[in-house]
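J.: What follows is the residue order along each chain.
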Amino acid sequence: RTNSDGKPAKFQPPPKPIIIDKQKQREERRFLSPEFIPPRGRTDPLKFYIERKDMIQRRKVFNIPEFYVGHILAVTTADPYANEKANRFVGICIQRGGKGLGATFVLRNVIEDQGVEICYELYNPRIQAIEVLKLEKRLDDNLMYLRDALPEYSTFDMNMKPVSRLDHEEIPVNKLQVRMKPKPWSKRWERPKYNIKGIKFELPEKIMKEAQKWSQPWLEFDMLREYDTSKIEEKIWKEVSEELKK
Amino acid sequence: SITGACRAIQKLTRVRVVDNSALGNTPYHRPPKCIHVYNKTGVGKVGDTILLAIKGEKKKALIVGHKMPGPTMTPRFDSNNVVLIEDNGNPVGTRIKTPIPYILRRKEGEFSKVLAIARNFV
Numbered sequence: 007r008t009n010s011d012g013k014p015a016k017f018q019p020p021p022k023p024i025i026i027d028k029q030k031q032r033e034e035r036r037f038l039s040p041e042f043i044p045p046r047g048r049t050d051p052l053k054f055y056i057e058r059k060d061m062i063q064r065r066k067v068f069n070i071p072e073f074y075v076g077h078i079l080a081v082t083t084a085d086p087y088a089n090e091k092a093n094r095f096v097g098i099c100i101q102r103g104g105k106g107l108g109a110t111f112v113l114r115n116v117i118e119d120q121g122v123e124i125c126y127e128l129y130n131p132r133i134q135a136i137e138v139l140k141l142e143k144r145l146d147d148n149l150m151y152l153r154d155a156l157p158e159y160s161t162f163d164m165n166m167k168p169v170s171r172l173d174h175e176e177i178p179v180n181k182l183q184v185r186m187k188p189k190p191w192s193k194r195w196e197r198p199k200y201n202i203k204g205i206k207f208e209l210p211e212k213i214m215k216e217a218q219k220w221s222q223p224w225l226e227f228d229m230l231r232e233y234d235t236s237k238i239e240e241k242i243w244k245e246v247s248e249e250l251k252k
Numbered sequence: 378s379i380t381g382a383c384r385a386i387q388k389l390t391r392v393r394v395v396d397n398s399a400l401g402n403t404p405y406h407r408p409p410k411c412i413h414v415y416n417k418t419g420v421g422k423v424g425d426t427i428l429l430a431i432k433g434e435k436k437k438a439l440i441v442g443h444k445m446p447g448p449t450m451t452p453r454f455d456s457n458n459v460v461l462i463e464d465n466g467n468p469v470g471t472r473i474k475t476p477i478p479y480i481l482r483r484k485e486g487e488f489s490k491v492l493a494i495a496r497n498f499v
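Chains A and B, in that order, give the protein sequences. The first sequence runs 7 to 252 under the working numbering. The second sequence runs 378 to 499 under the working numbering.
Derived by calculation from the structure, the hints in this document are not laboratory data. Treat the hints with care, since some could be wrong.
[To be verified] Straight-line Cα separation of at most 16 Å, EDC-like style, residue types lysine to aspartate or glutamate; simulated pairs:
1. K66/A <-> E248/A
2. K484/B <-> D85/A
3. K193/A <-> D455/B
[Said to hold, decoys possible] FRET-style restraints, in silico, Cβ to Cβ:
4. P404/B <-> A88/A: 31 to 39 Å
5. K490/B <-> N165/A: 23 to 31 Å
6. T235/A <-> G424/B: 37 to 45 Å
7. P86/A <-> N467/B: 45 to 53 Å
[To be verified] Covered stretches of chain A (chain B as the covering partner; in silico rule of three or more C-beta atoms under 8 Å from a C-beta of chain B):
8. 88 to 97
9. 115 to 129
All figures in this text were calculated on a predicted structure; none of them were measured in a lab. Glycine is no exception: its CB is placed at the ideal position from the N, C-alpha and C atoms.
Model the full assembly from the supplied sequences, consistent with the hints where possible.
T.: Encoded structure:
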């Protein structure tokens, strides 16, 4: 190669190829199940450590997939009273509660115009399989308002096929605004204490304004209620991922 | 003394009859209400018999689902469901479309006929 004036040009090495290592990208996305994080309190951390050991033991034997509120799951449980001894239930996860071994999640579905909710314990040995049929997060952490929403938003086919999903990092957020049945509701969802973004409120302006009377804007600045879990999460994440890799 | 809140079925709860019997499905200006629970405590859970007042008549019924959350791994229904029954345990209707919890099967002896007409189990 020569320059424009005829002299040999300085050797320029070719540009380095950029290797997008998908394996590394996947590892970087961490998900720590919320029941591992100990609640704020004065109990001995030893108790949580022993519970975590038991939880990891169970996870080694039985795969609990990563799921959030709003995912559609199919759970098969062992039931002595069911024919074929196994009982399959499909539903949308409305809430995840409890910490440690007593962690629960509630699945909701509408079968034959009858709303059914089942609260399953994650670490119960009766559960034989948990499959994630559809991955999608919703705008809220707690979908209890689906009880007062139109039943079409909670109906899911029992024989739904799992929706295939490429192994990307982002879990899609469904920005669905749910339409509600006429009032009265089981809880006053328009009040700011529930902080619900996933309902399409068709209530008059007067009621929405009146609901704001119960807002407590000072709560988010209350320092005594702060519970920073980032460092605890890091430690527990390291511990859990090391144990699970063994 | 004050009794605590009870969200299962007790006296004067309005219930929903789920089988396809004539008594349960003909409209009446008053909803069917429970007047007695055959239990030591007056609270009826899934699998208990109650006395119902429907259309001015008294009829026994079996509770198949209530709004109160029960033990974990058991279903919780959005309405208090009830199946009409005779005194000897025979169901009045011929078909039950709504889902029935599997736990009812432990009293297979008394309610075998009710379980036989049920179509969906949860």
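J.: K193/A and D455/B were given as a pair; does the straight-line alpha-carbon distance stay at or below 16 Å?
T.: Holds, because 15 Å separates the two Cα atoms, which is no more than 16 Å.
J.: Okay, P404/B versus A88/A on CB: inside 31 to 39 Å?
T.: Distance hint for P404/B, A88/A holds at roughly 36 Å.
J.: Are there three or more residues in the region 88 to 97 of chain A whose C-beta lies closer than 8 Å to some C-beta of chain B?
T.: Check passed, 3 qualifying residues.
J.: Does E248/A sit within 16 Å of K66/A, going by the straight-line distance between their CA atoms?
T.: Distance of about 12 Å is within 16 Å: holds.
J.: Closer than 8 Å, Cβ to Cβ, for at least three residues: run that test on the region 115 to 129 of chain A against chain B and report holds or violated.
T.: holds (count 11)
J.: So does T235/A sit 37 to 45 Å from G424/B, Cβ to Cβ?
T.: holds, 43 Å
J.: Quick check: does the Cβ-Cβ distance between K490/B and N165/A fall within 23 to 31 Å?
T.: Holds - the Cβ-Cβ distance for K490/B and N165/A, about 29 Å, lies within 23 to 31 Å.
J.: Taking 45 to 53 Å as the hint, is the beta-carbon distance of P86/A and N467/B inside that range?
T.: This hint is violated: roughly 26 Å between Cβ atoms.
J.: Assess, step by step, whether the Cα of K484/B is no farther than 16 Å from the Cα of D85/A, and give holds or violated.
T.: holds, 15 Å
The structure fails to meet hint 7 from the earlier list, while all remaining hints are met.
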